Amino acid sequence: MTVTLSATLATNEDIERRRRAGERVLHLAFGEAGLPVHPALRDRLIDASGRNGYGPVAGAAGLREAAAGYWTRRGLATDPEQVIAGPGSKSLLYGLLLVLGGDIALPKPSWVSYAAQADLVGSRAILVPATEGGVPDPDLLAQVGPNVKAVLVTLPDNPTGRLATPETILRLVEVARAKDLLIISDEIYRDLVHDPALPYLSPADLAPERTIVTTGLSKSLALGGWRIGVARLPDGAHEMRRQLLAVASEIWSAPAAPVQEAAAYGFAEPPEIVEHIELSRRLHGKVSNAVYERFIAAGVPVAKPQGGFYLYPDFGVSNITKILLEDHGIGVLPGQAFGDDPSSGRVRVATSLLYGEHTDERWAALTSDDPLNLPWIAANLDHLDAALSALTWENGSFA
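Each step along the sequence shown adds one to the number in the numbering used here, with nothing skipped, and position 60 is 60.
Each hint should be verified, as a subset may be incorrect.
[Unchecked claim] Taking lysine-lysine pairs in the BS3-like style, the calculated list, with each CA pair at most 30 Å apart, reads:
no.: 1; residue 1: 149; residue 2: 108
no.: 2; residue 1: 179; residue 2: 149
no.: 3; residue 1: 108; residue 2: 322
no.: 4; residue 1: 304; residue 2: 286
no.: 5; residue 1: 179; residue 2: 108
no.: 6; residue 1: 322; residue 2: 304
None of these hints come from the bench; they were simulated from the model. These numbers come from a predicted model, not from an experiment.
Using the sequences provided together with the hints, build the complete structure.
Laid out in structure tokens, this is it:
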């Protein structure tokens with residue numbers, strides 16, 4: 001088996017190495033939320049720092065109850081026994097793939113780790129083109145072979161920043177029922193949909209008996225380094241729960257106890273946390289849409305982002321990642337890392353590291369009514385403008 005470093009982490013390390021060497025690189029390659037920790041979460045982590053014993057494999061009761069309440073408030077009635085916590089939803093996804101077995105259908109493009117994890121557990125990732133971000137085209141999904149046991153969706157999507165419509169989710173569920181597929185719905189960006197009026201439908205709302213939902217606090221509360229996530233298992237999935245707990249017991253034993261205490265507070269959504277997430281959602285939306293407008297002004301095709309902090313522009317030339325980094329000091333990820341065609345000129349752009357280099361700058365960005373005019377954010381956008389202006393259009397592509 002050949003295992004390579006995750007494309008996102010490898011690129012992040014390369015860009016940070018260049019920056020330490022004195023290069024000016026606009027970091028648009030790493031999907032870190034780029035915002036400070038809310039003091040209430042930090043205080044709870046500190047208060048719980050003396051809890052150094054192993055806890056339940058499924059996670060602390062308080063965290064599972066808080067996560068169950070989180071889903072129930074969104075219309076998905078959840079019992080705490082359906083919830084399993086782990087050191088990030090990424091770990092939970094890996095454990096689920098081990099438990100489920102068989103091949104898994106993924107949207108093309110999709111987050112870099114889905115296909116890599118399938119390979120690690122000996123499954124095949126079947127890439128199905130997505131007409132809407134994050135969801136395989138349901139009509140094409142209906143044609144996959146009998147070895148496919150599950151389909152994974154991302155709502156809203158990484159890498160495109162788009163949110164599938166309720167109509168597409170309805171059709172997806174119809175196909176899943178017809179083919180007896182489990183659905184894994186990665187909803188880590190759910191609370192960062194830019195327009196609260198945009199309709200959001202989870203497959204679990206329609207088919208709770210066959211849908212696993214995963215989420216965490218890495219994006220909505222910028223706690224990526226704390227490594228905590230939760231999974232809501234399907235209604236009545238007692239054997240799946242038993243097997244996932246067995247896997248968890250052999251890999252991570254239990255999530256870190258102090259982090260669980262802070263995460264329980266986050267999932268309980270007291271007013272100050274709700275306000276913090278709302279400010280985050282607003283900032284991500286404003287900055288990603290400002291980047292979108294610059295791509296459009298430069299003539300680069302790209303869909304308008306709807307959630308999270310990603311865009312997926314198409315430059316039409318396969319070596320655009322190298323051109324942007326080497327000639328213009330801009331780091332992005334190639335679409336190939338997300339399962340896209342190697343010859344395509346599509347790249348993923350992450351806007352969440354534009355908010356500042358230091359905590360005080362990030363707090364200012366988070367609370368500003370006009371973050372685009374903050375000097376450091378304006379300078380980053382000017383850097384992007386200059387690079388896009390320097391690109392030339394030749395034979396249907398940029399160079």
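Original post:
For this structure, which hints from the list above don't hold up?
Top reply: none
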